[in-house]
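**Student:** Keeping their order, the protein sequence lines are chains A and B. Sequential numbering from -18 applies to the first sequence in the working numbering. Sequential numbering from -18 applies to the second sequence in the working numbering.
Hint data in this document are derived by calculation from the structure and do not stem from the laboratory. Hints may contain errors.
Put simply, identical chains are the same to the list, so a pair is met inside one copy or across any two.
Distance condition first, Cα-Cα at most 30 angstroms in a straight line; then the derived DSS-like pairs of lysine-lysine [as the list claims (entries may be wrong)]:
1) K35 with K257
2) K257 with K226
3) K281 with K257
4) K122 with K104
5) K28 with K261
Protein chains: 2
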Amino acid sequence: MRFEVTILGCGSAVPTLHRSASAQYINVLERHLLIDCAEGTQIQLRKYKAKFQKIDHIFISHLHGDHFLGLVGLLSTFHLLGRTRPIHIYGPEKLKDIINLTLHGFHNNLNFTWNLHRLNFSKKELIFEDNLVEVHSFPLKHRIDCCGFIIQEKERERNIRKEKIEEYDLTLADIPKIKKGGDHITTSGEVISNSELTDDPLPPRSYAYCSDTMYSESTIDAVEGVNVLYHEATFTSELAARAKKTYHSTATQAAEVAAKAKVGKLVVGHFSARYKQLTKFDEEIKPVFPDYVLAEDGLKLIV
Amino acid sequence: MRFEVTILGCGSAVPTLHRSASAQYINVLERHLLIDCAEGTQIQLRKYKAKFQKIDHIFISHLHGDHFLGLVGLLSTFHLLGRTRPIHIYGPEKLKDIINLTLHGFHNNLNFTWNLHRLNFSKKELIFEDNLVEVHSFPLKHRIDCCGFIIQEKERERNIRKEKIEEYDLTLADIPKIKKGGDHITTSGEVISNSELTDDPLPPRSYAYCSDTMYSESTIDAVEGVNVLYHEATFTSELAARAKKTYHSTATQAAEVAAKAKVGKLVVGHFSARYKQLTKFDEEIKPVFPDYVLAEDGLKLIV
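Next comes chain A alone, as it looks inside the complex:
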């Protein structure tokens, strides 16, 4: 039951040799997702051995270059490697024009179709679901329209105790109902309560991605209680004024969001290229929210 996030880039607008710009690869129950797609993402996907040919859904938070400039190259590579499966892109509407215009010179006809699903930048919205997983977008507070994303498992079915299958001679027809919480009625009419037959399932896991954004109470509401929160911390508090001006967050603010939203674990990233060392980030975050990790390119997080 894999739910794993690979940080492909934890830098901000100016990529460096050690930190690529934003992109994350997520394997959630064998659904392969990409969140943001900075320049060089296709190489990062190779470097960190992601199953990138299996990616069917790409989520683009906003149209700042360090979050989408690798998208056309990735689509081109999908095409050249023979992909035929459709791909779903979730992002600002204008992305469609950018992709079309840029691709026009070299791939008028891709081997696969792609659809752009427009994000809603004014309220939280369910943008993808299947039988096991759902993804919501929610507005962040940035200089331009920008969304965060929450990837979560759906509520799982109850686990039937194996010994009860034999004890009550449960049939293939009985099992789905019981897994959904129903009681069992034996051939003699006896009612066996669901609680005798099943155990609680594992609680559904969730991951939230917040980049780029200034500190915002509405983010706290949106990500409340997630297992793992990725929140940007472009600056340390010394540059709080610059963070505010550019609609970014400080390390302290990221930690405050995590604490107030009572998340399980915090990951911070989107570090300004000015920070070679990140010790100041540690110093700020630890007292506010001790269960955290500083992102680095290639870091894998188990949700």
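Fit chain B to the given chain A structure using the hints.
**Tutor:** For chain B alone, coordinates are given in the frame of chain A:
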């Protein structure tokens, strides 16, 4: 008198961990040029320690993604690092729309101006010159409009022999005329021939870039006699039919162009991602044109 080419990417359409797509950084007499700008070029420039803030001229051969998808990211980085000097881009006209549309979301107003100089895809043309250097474009034979480039030094002035300056008491006013080839007339009216006063200058050096193109006689004409020729060799001869179909060249064809054009040295690149090892390229090229080198990312060529 530096004339140095750094290969930033020698792969073709699908970049790999070992070969980036096309881009080259050229320092010619302290003019800093970039030819093509594939995705990830800004990182390659950092990796190979190019003086990338000094680049004032960018030449884009054509609008296949592996030759220009890093351009918008590079412009963005120039802006974020505080560049104010104008930049000149030489490429297909449509590049202007692509840059404008893509940048629109994040940098409506760059700190510097950029101009797109339209390439002529039907004939050879002088596209840049200053007092020491000139750059010509010339048509290549590819699936879409595509140009090669020749970067060359201008004819240098003659070298005055130092001992003659003292012997004839040459003044600051005399020297420029003599460097241009003029004779000297002494105060007593004696004519001193230029050949007594000067030595021949070094012959001007030249570098030609041909990617992407199929084999073409017109390329041979265009690059005749250059000191160093970079010619694409996407495939080996086993895949000659595929090369022809996709308007690319084989290793043998690249070598034939070099031999017929009587260039000084050949560099081949733009290798298809299918070739992990390049020994077959060696086998094909060596018998046809022995003075060659296979490109690799980071390779520096002295012209």
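**Student:** Quick check: which numbered hints come out false for this structure?
**Tutor:** none
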